[in-house]
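Q: Sequence:
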Amino acid sequence: MCRIYGHFGGDPVDRDALHAVARAMHPGGPDEQTLHTEGTWALGNNRLAVQGIGHGRQPFVLGDMTCVFNGEIYNHRELRAELAAQGHAFEGDCDGDVLLPLYERYGDAFVSRLEGMFAIALVDRRGEPCLKLFNDHAGMKSLYYHLSADGRRLCFASELQGLSRFPDFPDAVDPLAIDRYLGGKAVWGPRTIHTGVRTLEPGTALRFADGRVTLTRTPLPPAPIEWPDGGPTLTAAAGLLDGILRRELTRMLDADVPVCVITSGGLDSSYTTAIAAGLVPDLASFNVAYKGTWPSDERHFAEEVARHCGTRHHQVLLDPADFPALVDRFVRHLDQPNNAPHSLSTFALFEAVHDAGFKVALTGDGADELFGGYARFVKAARDGDAAWHRGYQDTMAAVGTGTLRGLYTPEYRALVEADGGLFADRAGDELDRRVRSATHDKLETLLRYDQAERFPYYILRRVDHLSMAHSVEARIPFLQPAVMRFAHALPTELKVVCDTVKAPVSEAARRWIPRSVVERPKQPFTLPVAAMIKPGEALHELIGDTLLGPGARCRDHFRQDVVRDLFRMQSENPGAHTAEILWSLLMLETWLSVRNLTP
Numbered sequence: 003m004c005r006i007y008g009h010f011g012g013d014p015v016d017r018d019a020l021h022a023v024a025r026a027m028h029p030g031g032p033d034e035q036t037l038h039t040e041g042t043w044a045l046g047n048n049r050l051a052v053q054g055i056g057h058g059r060q061p062f063v064l065g066d067m068t069c070v071f072n073g074e075i076y077n078h079r080e081l082r083a084e085l086a087a088q089g090h091a092f093e094g095d096c097d098g099d100v101l102l103p104l105y106e107r108y109g110d111a112f113v114s115r116l117e118g119m120f121a122i123a124l125v126d127r128r129g130e131p132c133l134k135l136f137n138d139h140a141g142m143k144s145l146y147y148h149l150s151a152d153g154r155r156l157c158f159a160s161e162l163q164g165l166s167r168f169p170d171f172p173d174a175v176d177p178l179a180i181d182r183y184l185g186g187k188a189v190w191g192p193r194t195i196h197t198g199v200r201t202l203e204p205g206t207a208l209r210f211a212d213g214r215v216t217l218t219r220t221p222l223p224p225a226p227i228e229w230p231d232g233g234p235t236l237t238a239a240a241g242l243l244d245g246i247l248r249r250e251l252t253r254m255l256d257a258d259v260p261v262c263v264i265t266s267g268g269l270d271s272s273y274t275t276a277i278a279a280g281l282v283p284d285l286a287s288f289n290v291a292y293k294g295t296w297p298s299d300e301r302h303f304a305e306e307v308a309r310h311c312g313t314r315h316h317q318v319l320l321d322p323a324d325f326p327a328l329v330d331r332f333v334r335h336l337d338q339p340n341n342a343p344h345s346l347s348t349f350a351l352f353e354a355v356h357d358a359g360f361k362v363a364l365t366g367d368g369a370d371e372l373f374g375g376y377a378r379f380v381k382a383a384r385d386g387d388a389a390w391h392r393g394y395q396d397t398m399a400a401v402g403t404g405t406l407r408g409l410y411t412p413e414y415r416a417l418v419e420a421d422g423g424l425f426a427d428r429a430g431d432e433l434d435r436r437v438r439s440a441t442h443d444k445l446e447t448l449l450r451y452d453q454a455e456r457f458p459y460y461i462l463r464r465v466d467h468l469s470m471a472h473s474v475e476a477r478i479p480f481l482q483p484a485v486m487r488f489a490h491a492l493p494t495e496l497k498v499v500c501d502t503v504k505a506p507v508s509e510a511a512r513r514w515i516p517r518s519v520v521e522r523p524k525q526p527f528t529l530p531v532a533a534m535i536k537p538g539e540a541l542h543e544l545i546g547d548t549l550l551g552p553g554a555r556c557r558d559h560f561r562q563d564v565v566r567d568l569f570r571m572q573s574e575n576p577g578a579h580t581a582e583i584l585w586s587l588l589m590l591e592t593w594l595s596v597r598n599l600t601p
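Numbering of the sequence shown is given in the working numbering, commencing with residue 3 and proceeding in unit increments.
Since the hints were made in silico from the structure, they are not lab data.
Built from N, CA and C at the ideal position, the CB exists for glycine as well.
Each statement offered as a hint is correct.
With beta-carbon atoms standing in for the labels, derived distance ranges: (1) L550 to D95: 55 to 63 Å; (2) G89 to A377: 49 to 57 Å; (3) T237 to P412: 52 to 60 Å; (4) A416 to K381: 28 to 36 Å; (5) R25 to R248: 39 to 47 Å; (6) A377 to D95: 39 to 47 Å; (7) G538 to D563: 18 to 26 Å; (8) E521 to D431: 35 to 43 Å; (9) T197 to T411: 19 to 27 Å; (10) P493 to L550: 46 to 54 Å; (11) D231 to D431: 44 to 52 Å; (12) T220 to K381: 26 to 34 Å; (13) D18 to G280: 45 to 53 Å.
Simulated pairs of lysine to aspartate or glutamate, DMTMM-like, Cα-Cα distance not exceeding 25 Å: (14) K381 to E495; (15) K293 to D324; (16) K293 to E539; (17) K536 to D330; (18) K536 to D567; (19) K293 to E574; (20) K293 to E353; (21) K444 to D427; (22) K381 to D501; (23) K536 to D321; (24) K444 to E495; (25) K444 to E432.
Produce the complete structure using the sequences and hints provided.
A: So this is what it looks like as structure tokens:
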């Protein structure tokens, strides 16, 4: 796992500037920093050494090809054996060793052979010299890029705060990104909060040569399910899923450093914990909770799973009195505003993982998006109303469209309308168009849309950046290609059975984790902000000072009388809806403040 950066074309960037880019991303690769410059291009790498520690120095070089990469290739041993049989010699045991030999043989299609998570930057000097960027189909690893003002040079980096250290970084904030953030809980790609910066979408290859950018986005190749005798049943689906996950976890637990697991107490992380505990002796598990008595406390479920699986359990206990300082710390590591309240918990959890001596942690992310684990999927799939998509998109938003129309100042609302209207409305209309033209049924279309458009930017960016802020690699079993292909091929009637969401995961986990965890009502892993944003609590005072103080940076975008009314309503009668709005505005203001930016 690493952080990568570089540039190609145009005038060279001096080494001091490139070293500044690397320093900005140092926590994501503290073990070794390397930089290769040649003429008008450069490739740099900050390494978090996890696999093949004695070797694996980047960049990798093969003839006229050079590359750096961020991620882990879990099938590198199979690929290494295949390439060795074809005559390629290897030194060491680093998973990145296979990248250039595969590219040499298969060209851009080499990424279809990779199983893992990755963002790859490759300079190919055979024929017309070019830069190529690749990422995995789930979008687990980010790459941001921008063109120089004259269009001759492309700069890229794993993190926006690294990219921003390039001398010609276009730091102007796109004011319309505020509406995209509030309408989607994060800034969905490929656009970013900066007008001149883009992010690589999942499963995309970028080619840059002679000032020309070419983007190719390919779907994950399908893989039909080979059903056992008896055909497609829930029992058969659960058995197949269990086998796939065990194979993937066996490979993901293969590392030269200790691996632990995040155990939230929910179904997916508990199931992951149970499988991993059967493969690794003395497995360590981690859970986060808050001092005091709060709604949605899952620690007792996590403890029950830990006892059942025999893990060494670490209970991370946060004090809400410390949250203002923690907000400032974790927002500095978010590349873009993100409204998820449990970002605070995620940041602190990975800090504890690091302090306990772990570099790798398994998480249960992705199962809901693949197998239909959210009630909003099912409700929307069964909703026959002509305007279903508008209501659905409101569930995806940090602030509903009705509230936004009253919150925005007349000037900002006019700017949004001139751009085509509220992002949430436009996104909902686009989803409706996809449903009408899709070859899949409505539920599967909703899931695919979420996986491609929302999930990478709202959840995966958060997991990646907040884990790597503490030099911890988050590995995500449910997002491996074999699991994704299985989920894509699985009929939706086996994903949601009657009122049981994510039915194959529940059925598969039933053999391995306590019944109380399998059959408990679904509960999101979150921070109970409604209860924490009330008079006397530290978050309440922080929000009041930040949003209503003279230093608020979005005063030209939000009506101050409406913000004041929202704060008063939350103070007098705390509620989930108002709390989420205030928290979302706090995240935006704090993000702008720590970067000294004004939209």
